[in-house]
Structures are given as structure tokens and as C-alpha cells.
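*Asks:* Sequence:
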Amino acid sequence: MAALDEASTLHELVLLARKRLSRGAFDYLLGGSETETSLARNRLAIERWALRPRVCVDVRRVDPSTELFGRRIRLPVFLAPIGSLETFHPSGGAGAARAAAGFGVPLMLSSVCAPGLEAVAEAAPEAVRVFQLYVRGDDAWIADMVARAEAHGYCAFAITVDTAWYSRRERDLLNRFEKPWRQNVGGIAIQRAFDWKAVERFKARHRIPLILKGIMTREDAEIACALGAEGIVISNHGGRQLDHTLGTLDVLPEILDAVAGRATVLVDGGFYRGTDVLKAIALGARAVGLGRMTAIGMAAGGPEGVVKMLELLEDEITIAMGLAGVTRLEELGRAHLARAEPVRPPGFWSAFPLVAEGY
1 MAALDEASTL
11 HELVLLARKR
21 LSRGAFDYLL
31 GGSETETSLA
41 RNRLAIERWA
51 LRPRVCVDVR
61 RVDPSTELFG
71 RRIRLPVFLA
81 PIGSLETFHP
91 SGGAGAARAA
101 AGFGVPLMLS
111 SVCAPGLEAV
121 AEAAPEAVRV
131 FQLYVRGDDA
141 WIADMVARAE
151 AHGYCAFAIT
161 VDTAWYSRRE
171 RDLLNRFEKP
181 WRQNVGGIAI
191 QRAFDWKAVE
201 RFKARHRIPL
211 ILKGIMTRED
221 AEIACALGAE
231 GIVISNHGGR
241 QLDHTLGTLD
251 VLPEILDAVA
261 GRATVLVDGG
271 FYRGTDVLKA
281 IALGARAVGL
291 GRMTAIGMAA
301 GGPEGVVKML
311 ELLEDEITIA
321 MGLAGVTRLE
331 ELGRAHLARA
341 EPVRPPGFWS
351 AFPLVAEGY
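For the sequence shown, the residue numbers in this note's numbering are 1 to 359.
Keep in mind that the hints were calculated from the coordinates and are not lab data.
Don't take every hint at face value.
To be verified - With a cut-off of at most 20 Å between alpha-carbon atoms, the simulated DMTMM-like pairs for lysine to aspartate or glutamate come out as follows:
{"hint": "1", "residue 1": "Lys197", "residue 2": "Asp257"}
{"hint": "2", "residue 1": "Lys197", "residue 2": "Glu178"}
{"hint": "3", "residue 1": "Lys197", "residue 2": "Asp139"}
{"hint": "4", "residue 1": "Lys179", "residue 2": "Asp27"}
{"hint": "5", "residue 1": "Lys19", "residue 2": "Asp220"}
{"hint": "6", "residue 1": "Lys179", "residue 2": "Glu200"}
{"hint": "7", "residue 1": "Lys197", "residue 2": "Glu219"}
{"hint": "8", "residue 1": "Lys203", "residue 2": "Glu118"}
{"hint": "9", "residue 1": "Lys203", "residue 2": "Asp220"}
{"hint": "10", "residue 1": "Lys197", "residue 2": "Asp172"}
{"hint": "11", "residue 1": "Lys203", "residue 2": "Asp139"}
{"hint": "12", "residue 1": "Lys179", "residue 2": "Glu34"}
{"hint": "13", "residue 1": "Lys19", "residue 2": "Glu34"}
{"hint": "14", "residue 1": "Lys197", "residue 2": "Asp243"}
{"hint": "15", "residue 1": "Lys203", "residue 2": "Glu230"}
{"hint": "16", "residue 1": "Lys197", "residue 2": "Glu230"}
{"hint": "17", "residue 1": "Lys197", "residue 2": "Glu222"}
{"hint": "18", "residue 1": "Lys19", "residue 2": "Glu67"}
{"hint": "19", "residue 1": "Lys19", "residue 2": "Glu222"}
{"hint": "20", "residue 1": "Lys179", "residue 2": "Glu86"}
{"hint": "21", "residue 1": "Lys197", "residue 2": "Asp162"}
As the list claims (entries may be wrong) - So the derived label-pair ranges between C-beta atoms look like this:
{"hint": "22", "residue 1": "Arg201", "residue 2": "Gly261", "range": "19 to 27 Å"}
{"hint": "23", "residue 1": "Asp58", "residue 2": "Lys197", "range": "49 to 57 Å"}
{"hint": "24", "residue 1": "Pro90", "residue 2": "Ile190", "range": "39 to 47 Å"}
Even glycine gets a Cβ: it sits at the ideal position worked out from N, Cα and C.
Produce the complete structure using the sequences and hints provided.
*Replies:* This is the structure in C-alpha cells:
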């Protein structure tokens, strides 16, 4: 734990995580599907934007907080849903929830993450929690999941809509690495049959706010809003489902235009650094999902590692806001961005170049 306490950069957390994980687990964390083109495009979409700083602004007080899910949160981020967080630390979703509550950001809990929605709620009842579901049962089964989530204080319900078929994640195949929950997965036919009529039935039967995770086109955003979805997560599953999609930040503008304020628009996929987050906010996202960085924090030091990750990210965001000449997130806008060519090949390691240099 001393190494975690001494960490002063996100690079060090990445190194700790890599040291503590097996090759299979670390590749599972980093990898995407097939050629990993979607994975690279997520980073490319972020790195093709440069910041345009304004100077001679009084930035003695910088506030990186915002409102999300009806609560004031410390940073414009949430811990994105990751299956089997217990792979990275035994505390799993409960540990992530404690970290989220302790720091002050929301957690979106994966339905394939131990120890389950009830135990996670009991571990951190004060956390802002959203429950994410892979649909593997009929409407009655979904209703039971909703009732359990509502009874345990989850403020919204997210349905992942980009996993009708599981992708070929070739790092995992080459490593012969398989998550335990993937060995006996039921309900695949139901998951493949989930359609807009099912979304319509959900909205007719349940009052809990609905978020659809995995929207990547204007057309689907239009339908989601027409059916009453309160939230959209622009996501290509971190580049882990359909290969050769656009990067998520590239489709943010068209989806914001289609939504036109009718739903809260969130985004994930390749966001690792403070400046990454600010670019998304400047383009109009409400908040950014952190998936791999949550896993990095868990692997580096469990809940304390996630808190450390968020503290370092807060430093990066606050400093970048001050240097950009803004004191509140609401001041960020398209005028703070310009198109630019990436300076490194895009990918996970382009966000952590010092690791590649041997630090």
C-alpha cells in the first residue's frame, strides 16, 4: 500500500495495476474486439481535439463539480459499469461503490459484477448508484430487477443495448482467458431479441429513470428520446463490441443535436486523463464514464486505488481548467477547442507515454 500512497501520477497507478495483474487479466482490461480499430478510434477522436486556452482570467478559484442524477458531484465523471470488477480486486462492486461514495461521484453498477446489487447498496448506501442491466429475461424478470434496484436506492436504471451478440475479443482468445460468468450465460436469445418495443413497454410500466447505454447514431438517439428515455450513454462498449465503429467523441455532436435537450447525454470510451474529460464537456456531454480507469484503480489498490485515481484526475481537471481560463465547467464550450493532428499513435498507451519510455 505504500506504493499507492506515494503515487503522484496516473502513470504510477497504471504501472501498479500492470504489476499486480496476470497477463490475461491486464489484456482483458486493455483489449478490444478483433482488430481493435474501434478501441483506437476512441482515443483518436479525443486526441484530434486540441484545447484553446484563454488567459488573463482570474482563476484563483476553480470548481470542477457539476450536477448529475439530481445530485451535486465532485467531478463530471461516473464510474462506468464493468463486468467482474472482482477480477481486479476481491471487493468488486462493493469496493467501487465505497470509493464512489467516499470521493463523491456516481457509480453505474454492472449486473454481472459481484457481490450483486443488494450487497453493493449495503456497502455504500450513501453512494449515488445507477444499476446497469444486460437483458436476459422477459418483462417479468426485468420488473423484478427494477423492483430490487428501487428498493435498494438506485436512482436510475441503465439497459445496455449494444450486446445483442458477443464480440470476438482476440486478446482474450489468444490468452485462453475467460471470465467465469461467460461460461454459463443464459438468456442469450432474449438479449438478441430486445427491441424498441421492449423499451416502450419498460417506459409504460416503470417510473425509475431509464438510461440506454450503447447509442452510437443520431437515428437511435431520436427513437430513444421519442420513447421517453431520460438518459443516453454514447458508447461502443469501450471498443469491445462491434469493431470499426467511429470513436464515441466523434458521434457526440450528432447525438446532442438529435436529443436537443430531451435527455441527459453521457459518453464513455477511451477517457483516461483530465484533459480528455474537459474535451467531452466542452463538446456538450454532461459527464464522462470511466471504465478502464476504475479497473486500473481497483487493481492498483482496491477502493483506495480508485479514490487515488479520482484525486489525481481531479488535480488534472482543475489545473487544466485554470490554464484554459475557466473557473466553472459551464464556461467550457466549443470555442475552447480546435482540430489538431494527434502526436502519437492512438491507443491506451498514448495517454501514458511515460510508461512506454520506461519510467
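*Asks:* Does each hint fit the structure? Answer for all of them.
*Replies:* Hints and how they fare:
no., hint, verdict
1, Lys197 x Asp257, "24 Å, violated"
2, Lys197 x Glu178, "33 Å, violated"
3, Lys197 x Asp139, "11 Å, holds"
4, Lys179 x Asp27, "12 Å, holds"
5, Lys19 x Asp220, "41 Å, violated"
6, Lys179 x Glu200, "32 Å, violated"
7, Lys197 x Glu219, "16 Å, holds"
8, Lys203 x Glu118, "23 Å, violated"
9, Lys203 x Asp220, "16 Å, holds"
10, Lys197 x Asp172, "34 Å, violated"
11, Lys203 x Asp139, "12 Å, holds"
12, Lys179 x Glu34, "18 Å, holds"
13, Lys19 x Glu34, "26 Å, violated"
14, Lys197 x Asp243, "26 Å, violated"
15, Lys203 x Glu230, "10 Å, holds"
16, Lys197 x Glu230, "17 Å, holds"
17, Lys197 x Glu222, "15 Å, holds"
18, Lys19 x Glu67, "36 Å, violated"
19, Lys19 x Glu222, "44 Å, violated"
20, Lys179 x Glu86, "11 Å, holds"
21, Lys197 x Asp162, "16 Å, holds"
22, Arg201 x Gly261: 19 to 27 Å, "25 Å, holds"
23, Asp58 x Lys197: 49 to 57 Å, "54 Å, holds"
24, Pro90 x Ile190: 39 to 47 Å, "31 Å, violated"
Violation of the numbered hints given earlier is confined to hints 1, 2, 5, 6, 8, 10, 13, 14, 18, 19 and 24; the remaining hints are satisfied by the structure.
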